[in-house]
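One rule links them: number in my numbering = place in the sequence shown (from 1) + 3.
Check before you lean on any hint, since a few could be wrong.
Stated by the list, open to error - FRET-style restraints, in silico, Cβ to Cβ: (1) Arg456 to Gly289: 32 to 42 Å; (2) Glu389 to Arg74: 33 to 43 Å; (3) Ala403 to Gly289: 30 to 40 Å; (4) Arg179 to Arg456: 49 to 59 Å; (5) His419 to Gly393: 15 to 25 Å; (6) Glu164 to Asp381: 22 to 32 Å; (7) Arg369 to Gly155: 21 to 31 Å; (8) Arg430 to Gly462: 15 to 25 Å; (9) Ala89 to Asp380: 37 to 47 Å; (10) Ala355 to Ser187: 46 to 56 Å; (11) Arg456 to Arg369: 23 to 33 Å; (12) Ala355 to Arg181: 29 to 39 Å.
Note that these hints are calculated values from the structure, not bench results.
We put the beta carbon where it would ideally sit given N, CA and C, even for glycine.
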Amino acid sequence: MPHAGLTIVTATPPTPNGDLHVGHLAGPFVAADVHARYLRLRGRDARLVCGTDPHQSYVAFKAAQLGEAPRETAARFGAEIEATLAAARVELDHFGRPLEPASTHRDVVNAAFARLWREGRLVPAERPWLYCEGCGDWVFEAYVSGRCPHCGAGAGGGGCEACGRPNDCVDLGEPRCRAGHVPSVRMRRQLVVPVAPHLDALRAYLDGAEMSPRVRALSERVLEDGFPEVSVTHPAGWGLPAPVPGWEHERLLSWAEMAFGYMAIVEDLAKRDPSLAGRSLWQGEGTEVVQFLGYDTAFFHALLNPLLYLAHGTEPPRTLVSNEFYRLDGAKFSTSRMHAVWGRELLAEAPADAVRFYLAWTAPEREQTNFTRADFDDTVRRELVEGWQGWLRDLGARVAAEGGEAPRAEATTPEHHAFVAELERLRDEAAAGYAAATFSPQRAARALCEVARRGRRFG
Numbered sequence: 004m005p006h007a008g009l010t011i012v013t014a015t016p017p018t019p020n021g022d023l024h025v026g027h028l029a030g031p032f033v034a035a036d037v038h039a040r041y042l043r044l045r046g047r048d049a050r051l052v053c054g055t056d057p058h059q060s061y062v063a064f065k066a067a068q069l070g071e072a073p074r075e076t077a078a079r080f081g082a083e084i085e086a087t088l089a090a091a092r093v094e095l096d097h098f099g100r101p102l103e104p105a106s107t108h109r110d111v112v113n114a115a116f117a118r119l120w121r122e123g124r125l126v127p128a129e130r131p132w133l134y135c136e137g138c139g140d141w142v143f144e145a146y147v148s149g150r151c152p153h154c155g156a157g158a159g160g161g162g163c164e165a166c167g168r169p170n171d172c173v174d175l176g177e178p179r180c181r182a183g184h185v186p187s188v189r190m191r192r193q194l195v196v197p198v199a200p201h202l203d204a205l206r207a208y209l210d211g212a213e214m215s216p217r218v219r220a221l222s223e224r225v226l227e228d229g230f231p232e233v234s235v236t237h238p239a240g241w242g243l244p245a246p247v248p249g250w251e252h253e254r255l256l257s258w259a260e261m262a263f264g265y266m267a268i269v270e271d272l273a274k275r276d277p278s279l280a281g282r283s284l285w286q287g288e289g290t291e292v293v294q295f296l297g298y299d300t301a302f303f304h305a306l307l308n309p310l311l312y313l314a315h316g317t318e319p320p321r322t323l324v325s326n327e328f329y330r331l332d333g334a335k336f337s338t339s340r341m342h343a344v345w346g347r348e349l350l351a352e353a354p355a356d357a358v359r360f361y362l363a364w365t366a367p368e369r370e371q372t373n374f375t376r377a378d379f380d381d382t383v384r385r386e387l388v389e390g391w392q393g394w395l396r397d398l399g400a401r402v403a404a405e406g407g408e409a410p411r412a413e414a415t416t417p418e419h420h421a422f423v424a425e426l427e428r429l430r431d432e433a434a435a436g437y438a439a440a441t442f443s444p445q446r447a448a449r450a451l452c453e454v455a456r457r458g459r460r461f462g
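Working from the sequences, and respecting the hints, build out all of it.
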């Protein structure tokens with residue numbers, strides 16, 4: 004019989020085209036680790052997994068800038084990302100590296116898309132695509148930008164960071180390739196997963212899934228406007244070849260690949276952990292999957308991935324915990340503009356616990372929040388050094404005065420009873436901040452700091 008009570012906690016695989024900055028850490032990575040630790044404290048068997056997303060077009064683009072092969076770029080930055088997560092004390096049970104020989108990533112992804120093809124759920128379609136005569140090549144994702152067709156903000160190919168809506172590249176306003184040319188529209192055949200056969204199941208999934216109001220609103224708007232038929236292949240020189248006879252020249256869209264890439268990470272975890280033998284390792288049958296993600300990937304996690312899972316006959320994860328962008332001195336963190344505080348640089352200057360605390364205190368949960376070094380220093384001094392450390396130092400002195408042993412805790416006066424009731428309320432408040440359905444690192448951090456304040460006042 005399968006064991007009961009397993010939770011797989013995932014964090015969106017980062018693109019290995021650079022190391023992680025503090026904005027990344029403030030997003031799904033530290034948050035997922037916090038939730039996994041909470042589940043274990045409550046007696047739940049929880050496993051935290053992540054990995055890299057090496058087949059993104061941004062990896063190939065970065066490799067061209069560096070004058071090296073995409074595989075080399077992905078390996079180098081993948082190692083840096085893993086080292087930064089370790090420095091931030093993100094305790095992963097498995098970190099997937101899809102390009103390594105031991106990984107099952109290619110086999111799992113290929114098997115999933117081959118099955119979709121065999122069962123008629125992956126079909127050819129004639130689609131418009133952008134072609135740059137000046138560059139002599141098709142342009143998409145990292146190679147094109149323009150205006151979002153939904154909100155008008157500047158957007159890259161594939162999706163808009165401002166509103167979260169996807170684009171098909173060809174529908175960008177004022178498109179330009181990276182060289183500044185205006186591409187033209189040409190028709191080409193690609194592989195797509197038709198949406199219509201799965202719409203009812205997709206709507207039922209959304210009705211039963213846990214997600215933020217903003218992610219739900221985005222998903223409902225996309226469905227109301229007509230879920231765009233997304234090509235799951237594109238004409239790239241980097242990525243996994245489509246595992247379909249006659250279509251090997253096409254590469255799988257990395258966002259579509261990621262859906263089954265999560266399952267590969269979990270399969271690799273099970274290979275390393277004998278205690279997982281015989282257990283259900285995906286959603287359902289005693290296992291739940293909780294996915295942590297940035298709002299800019301909400302469309303893919305809330306609609307595209309569930310569409311692919313449903314077409315494949317696999318239960319989609321039903322708990323999505325999202326975050327907004329974290330800003331630096333009022334502007335968005337940007338690797339390309341070098342507007343960033345790199346994770347390991349800050350962690351080399353400050354204790355990991357202090358960094359994690361501040362990222363929880365200022366977590367971009369439902370709205371964008373801001374990092375400044377001055378506020379980091381001030382908050383750590385006020386809440387940790389003067390608050391917690393000051394209280395614990397005084398408490399230690401009181402215990403020493405009692406001979407090194409704290410007196411038995413008994414609520415004997417109305418003030419005692421009121422204090423105990425307040426501690427219980429703060430315990431429940433912190434627990435609500437840690438739970439997936441009401442996840443709020445800000446809420447948990449403030450409740451815990453209030454424990455120190457109340458303890459100091461009562462003492």
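Now the hints, each set against the structure:
no.: 1; hint: Arg456 to Gly289: 32 to 42 Å; verdict: 41 Å, holds
no.: 2; hint: Glu389 to Arg74: 33 to 43 Å; verdict: 50 Å, violated
no.: 3; hint: Ala403 to Gly289: 30 to 40 Å; verdict: 48 Å, violated
no.: 4; hint: Arg179 to Arg456: 49 to 59 Å; verdict: 54 Å, holds
no.: 5; hint: His419 to Gly393: 15 to 25 Å; verdict: 23 Å, holds
no.: 6; hint: Glu164 to Asp381: 22 to 32 Å; verdict: 29 Å, holds
no.: 7; hint: Arg369 to Gly155: 21 to 31 Å; verdict: 23 Å, holds
no.: 8; hint: Arg430 to Gly462: 15 to 25 Å; verdict: 18 Å, holds
no.: 9; hint: Ala89 to Asp380: 37 to 47 Å; verdict: 24 Å, violated
no.: 10; hint: Ala355 to Ser187: 46 to 56 Å; verdict: 51 Å, holds
no.: 11; hint: Arg456 to Arg369: 23 to 33 Å; verdict: 25 Å, holds
no.: 12; hint: Ala355 to Arg181: 29 to 39 Å; verdict: 37 Å, holds
When each numbered hint is compared with the structure, violations occur for hints 2, 3 and 9.
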